[in-house]
Amino acid sequence: MSKPGPVEARLRELGIELPASQRPLANYVPSVRVGKLLFVSGVGPMRDGKPIMTGVVGKDVSIEQAQECAKWCAVNLLCLARDAVGLERVVRVVKLTGFVNSAPGFGDQPKVINGASDFLVQVLGDRGKHARAAVGAHGLPMGIPVEIEAVFEVDEGPGGIH
Amino acid sequence: MSKPGPVEARLRELGIELPASQRPLANYVPSVRVGKLLFVSGVGPMRDGKPIMTGVVGKDVSIEQAQECAKWCAVNLLCLARDAVGLERVVRVVKLTGFVNSAPGFGDQPKVINGASDFLVQVLGDRGKHARAAVGAHGLPMGIPVEIEAVFEVDEGPGGIH
Amino acid sequence: MSKPGPVEARLRELGIELPASQRPLANYVPSVRVGKLLFVSGVGPMRDGKPIMTGVVGKDVSIEQAQECAKWCAVNLLCLARDAVGLERVVRVVKLTGFVNSAPGFGDQPKVINGASDFLVQVLGDRGKHARAAVGAHGLPMGIPVEIEAVFEVDEGPGGIH
Chain A
787 MSKPGPVEAR LRELGIELPA SQRPLANYVP SVRVGKLLFV SGVGPMRDGK
837 PIMTGVVGKD VSIEQAQECA KWCAVNLLCL ARDAVGLERV VRVVKLTGFV
887 NSAPGFGDQP KVINGASDFL VQVLGDRGKH ARAAVGAHGL PMGIPVEIEA
937 VFEVDEGPGG IH
Chain B
787 MSKPGPVEAR LRELGIELPA SQRPLANYVP SVRVGKLLFV SGVGPMRDGK
837 PIMTGVVGKD VSIEQAQECA KWCAVNLLCL ARDAVGLERV VRVVKLTGFV
887 NSAPGFGDQP KVINGASDFL VQVLGDRGKH ARAAVGAHGL PMGIPVEIEA
937 VFEVDEGPGG IH
Chain C
787 MSKPGPVEAR LRELGIELPA SQRPLANYVP SVRVGKLLFV SGVGPMRDGK
837 PIMTGVVGKD VSIEQAQECA KWCAVNLLCL ARDAVGLERV VRVVKLTGFV
887 NSAPGFGDQP KVINGASDFL VQVLGDRGKH ARAAVGAHGL PMGIPVEIEA
937 VFEVDEGPGG IH
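One line per chain: the protein sequences are A, B and C, in this order. Residues in the first sequence are numbered consecutively from 787, following the working numbering. Residues in the second sequence are numbered consecutively from 787, following the working numbering. Residues in the third sequence are numbered consecutively from 787, following the working numbering.
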């Protein structure tokens, strides 16, 4: 068994074990890499194969609950990056786009997506700091409260990634 | 007249003829390339210059109808890639972001966007497999049911693209 | 004091003075660069630290007012590009994604985002022409009518950007 890298060790300290990745439910793939950029599909707050919560934020789901959802989106984004290139080759989280399933008049999308941003910085330090947009969606897959997609910068390595 | 490439031949087998591209209605351009990445503007289910359908999915528009819309979005994305670099230089569809004009409580955005994903894989094979996000919008241009934007990887060729 | 570059001179002709940048209110950064691509966070129509307007477009906010909001989003995107690399190193605006806080049935998102697109072309000429998507959001941060995120192509310079 290979020694866990520093990112995995940090995750352990935080009590997070990265689960096996979800398989996409449709005709698409978890991520596509072009050079140094890894484009990662939108993910929800899935845990053990199902959403930890569903509902509309500001109505059925509180900000605190939605932040927990955003954190689990970030966990799943890390899973997909691990599967694509390995966590030690993640140079940086470049960009998150966070969609919050919002009740009419809800305007705290940034607070919600902080659940993901704070987690990524906790795990990755400065490499976790990213550009970001947070917007209100009108419905998300399966009624999840939050969906987040990402772009990562990854290390191609001397001979590229194989 | 030049011989059609394999992608165009495959489109013909599927009974699809790529139309002439839509011109953007505003002060923007259909696509912009930076190196290997081609960023393609959001497109609707336009055919012969007008949307094949308008309305809200889950209310006015069924999932099957919305899938057909998503397919026509994908046709139009291919048109824009053809115009920018030629279809034979499309190395891969990297990423789709699919916006579904959703009724309250609608959560089948992934099924809808499958209309585009399935079509791209039918036409391009493995090169058509992409990362993806599917979210619910609250209103789309002209009331179209689906809008999809894309990033393609393209072959710059030995001397770059001219 | 260094001489203003041509972009700053053009802004002056248009009567626009780029303000000091807003600091992100959360655990993210204004922009992240990977090679030639600068990914800029979603920005609102902030001026002097607060939104010039809040409300839903098609209900509380007219198209003309929303266009002014979109223009101020573009001003703020330019600020962030200036802070990251300097305006003279902006090779091109590659892509805008414009989110319009939309009333039910509102379908003029493209007209609204034209407020940003027209402004960028006015300031940057052909370098301001970009790919674009315009969609309806259901709620935006603090109730702003418009949020826009961007990708810019930037000049890395002979020794890269320092």
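Since the hints were derived computationally from the structure, they do not count as laboratory data. The structure displayed is predicted, hence computed values, not measured ones. Quick reminder that beta carbons are idealized off the backbone N, C-alpha and C, glycines included. Accuracy of the hints is not assured; some may be wrong.
Facing chain A, a subset of chain B residues (Cβ under 7 Å, in silico) [as the list claims (entries may be wrong)]: (1) VAL880; (2) SER888; (3) PRO896; (4) SER903; (5) GLN908; (6) GLY911; (7) ARG913; (8) HIS916; (9) VAL921; (10) GLY929; (11) GLY943.
What follows is a set of in silico ranges between Cβ atoms, one per label pair, in the way DEER data are often shown [said to hold, decoys possible]: (12) B/ARG798 to C/PRO805: 18 to 26 Å; (13) B/ALA812 to C/ASP846: 18 to 26 Å; (14) B/GLY835 to C/GLU874: 34 to 42 Å; (15) B/GLY835 to A/GLU803: 31 to 39 Å; (16) A/ALA812 to B/ALA889: 18 to 26 Å; (17) A/ILE838 to C/GLY891: 27 to 35 Å.
Structure-based check of all given hints:
Taken as an interface hint, B/VAL880 checks out: its beta carbon lies about 5 Å from the nearest beta carbon of chain A, inside 7 Å. Here the hint on B/SER888 is kept, as its CB sits about 4 Å from the closest CB of chain A, short of 7 Å. Taking 7 Å as the C-beta contact cut-off toward chain A, the hint placing B/PRO896 at the interface holds, the least distance being around 5 Å. For B/SER903, the shortest C-beta to C-beta distance to chain A is roughly 4 Å, which falls under 7 Å, so the interface hint holds.
The closest approach between the C-beta of B/GLN908 and any C-beta of chain A is roughly 9 Å, which is over the 7 Å cut-off, so the hint fails. A distance limit of 7 Å between C-beta atoms decides the matter here; for B/GLY911 the minimum to chain A is near 12 Å, and the interface restraint is violated. For B/ARG913, the suggested interface contact is broken, since its CB lies about 11 Å from the closest CB of chain A, more than 7 Å. Checking B/HIS916 against chain A: minimum C-beta separation of about 6 Å stays under 7 Å; hint holds.
Taking 7 Å as the C-beta cut-off, the interface hint given for B/VAL921 holds, the closest approach to chain A being about 5 Å. At its closest, the beta carbon of B/GLY929 sits 14 Å from a beta carbon of chain A; the interface hint therefore is violated under the 7 Å criterion. A hinted interface residue such as B/GLY943 counts as satisfied when its beta carbon comes closer than 7 Å to some beta carbon of chain A; here the least separation is about 16 Å, so the hint is violated. In this structure, B/ARG798 and C/PRO805 break the distance hint of 18 to 26 Å, their C-beta atoms being roughly 55 Å apart.
The supplied range of 18 to 26 Å is met by B/ALA812 and C/ASP846, whose beta-carbon atoms lie about 24 Å from each other. Against the hinted window of 34 to 42 Å, the Cβ-Cβ separation of B/GLY835 and C/GLU874 comes to about 40 Å, which satisfies the hint. About 54 Å separates the C-beta atoms of B/GLY835 and A/GLU803, a value inconsistent with the hinted range of 31 to 39 Å. For the hinted restraint 18 to 26 Å between A/ALA812 and B/ALA889, the CB-CB distance of approximately 21 Å keeps it satisfied.
Here the CB-CB span from A/ILE838 to C/GLY891 is close to 34 Å, well matched to the stated 27 to 35 Å.
Checked against the numbered hints above, the structure violates hints 5, 6, 7, 10, 11, 12 and 15; every other hint is satisfied.
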